[in-house]
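Just so you know, the sequence shown maps onto residues 82 to 394 in the numbering used here.
One thing to keep in mind: the hints can contain errors.
[As the list claims (entries may be wrong)] What follows is a list of derived Cβ distance ranges for each label pair:
hint: 1; residue 1: R368; residue 2: I137; range: 37 to 45 angstroms
hint: 2; residue 1: Y158; residue 2: A320; range: 34 to 42 angstroms
hint: 3; residue 1: A118; residue 2: G163; range: 49 to 57 angstroms
These are computed hints drawn from the structure, not numbers from a lab.
Backbone N, C-alpha and C fix where the C-beta goes; we use that ideal spot for every residue, glycine too.
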Amino acid sequence: MLVFAHGIVGRADLPIPEALFGAAAAAVLVVSFLALAAGWSEPRLEHFAERPLFRIPLAAEVLAGAIGVAVFALVVYAGLAGTDSQQDNLAPTAVYVGFWVGVPFLSLLIGDWFRLFNPWRALGRATGRLAGRLSHDEATEVFPYPDRLGHWPAAAGILAFVICELCWATGRQPGPLAVLMLTYLFVQLAGQGVYGVEAWSRRGDAFGVWFGLFAMLAPVAGTVALLVIGIGSTGFDGAKEGPLFNGARPELQDFFTSLGATLGTGLELAFLVGLLVAIAMVAALWRLGTEGMPRIGAGGLDRAGLSRRFAPR
Numbered sequence: 082m083l084v085f086a087h088g089i090v091g092r093a094d095l096p097i098p099e100a101l102f103g104a105a106a107a108a109v110l111v112v113s114f115l116a117l118a119a120g121w122s123e124p125r126l127e128h129f130a131e132r133p134l135f136r137i138p139l140a141a142e143v144l145a146g147a148i149g150v151a152v153f154a155l156v157v158y159a160g161l162a163g164t165d166s167q168q169d170n171l172a173p174t175a176v177y178v179g180f181w182v183g184v185p186f187l188s189l190l191i192g193d194w195f196r197l198f199n200p201w202r203a204l205g206r207a208t209g210r211l212a213g214r215l216s217h218d219e220a221t222e223v224f225p226y227p228d229r230l231g232h233w234p235a236a237a238g239i240l241a242f243v244i245c246e247l248c249w250a251t252g253r254q255p256g257p258l259a260v261l262m263l264t265y266l267f268v269q270l271a272g273q274g275v276y277g278v279e280a281w282s283r284r285g286d287a288f289g290v291w292f293g294l295f296a297m298l299a300p301v302a303g304t305v306a307l308l309v310i311g312i313g314s315t316g317f318d319g320a321k322e323g324p325l326f327n328g329a330r331p332e333l334q335d336f337f338t339s340l341g342a343t344l345g346t347g348l349e350l351a352f353l354v355g356l357l358v359a360i361a362m363v364a365a366l367w368r369l370g371t372e373g374m375p376r377i378g379a380g381g382l383d384r385a386g387l388s389r390r391f392a393p394r
């Protein structure tokens, strides 16, 4: 029997009637928007002046990076050499709970702390220093990061991650998860080698960019595509266990099995379709919202420019 659950946990029933829960959620949403409209009618963070509180010593950066690499190596080792049970292996819990959920919450509180502990950034910087010493401090040529790429590599990385979390059951198993972690590491090192460590970390590293967006909201401290994927995947995460998606899921699954897919693969593809539809719905709502923005006082920006300004930067 195949069991598909969110990450490493199962579904929990609500302790109150669904209608009451839905009404309360809708009321909270309406009240929140009314409060924002009344109390925050003008942008206050768009030109927020940042100033460094203190300079982090190089030794502290090296230590933080070493800790990040050690934790990364431990999780990969657990996935490759540990038990195959998702509940008993460290890797799924560390990735889908500690990393994917815990890091954003902490980033909201204290800022972009993950940048210091980012293991692939630390390995890229160490590799660069080593290459510089071996080449007698001759600068290694890198290409300038193309502006047309923007944060699209990061958006693609987040989309791939949520597919593994929400749609692909194998991606949550310890062994394949460890292989995916190593694959992501190699992709990051390749990007850093082509465009430079800092340029790639700020634009192409999916998790570095994603956690950085949360850090911008920290009291001590996006791009449109990245935010749309994040919001859409979060919405699908909750909706895929609800009656709306469960009503369409059997038909989607039967469609893919009729094309020759196995029962498990058909279910995974049905989840993928639901995820993409949820992302597309958020993208349509985003576009609809930006289309309704007044052009007066927009500084000559077109719709695409207004859409980018509407996202956190």
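Hint check results:
| no. | hint | in the structure |
| --- | --- | --- |
| 1 | R368 with I137: 37 to 45 angstroms | 40 angstroms, holds |
| 2 | Y158 with A320: 34 to 42 angstroms | 36 angstroms, holds |
| 3 | A118 with G163: 49 to 57 angstroms | 51 angstroms, holds |
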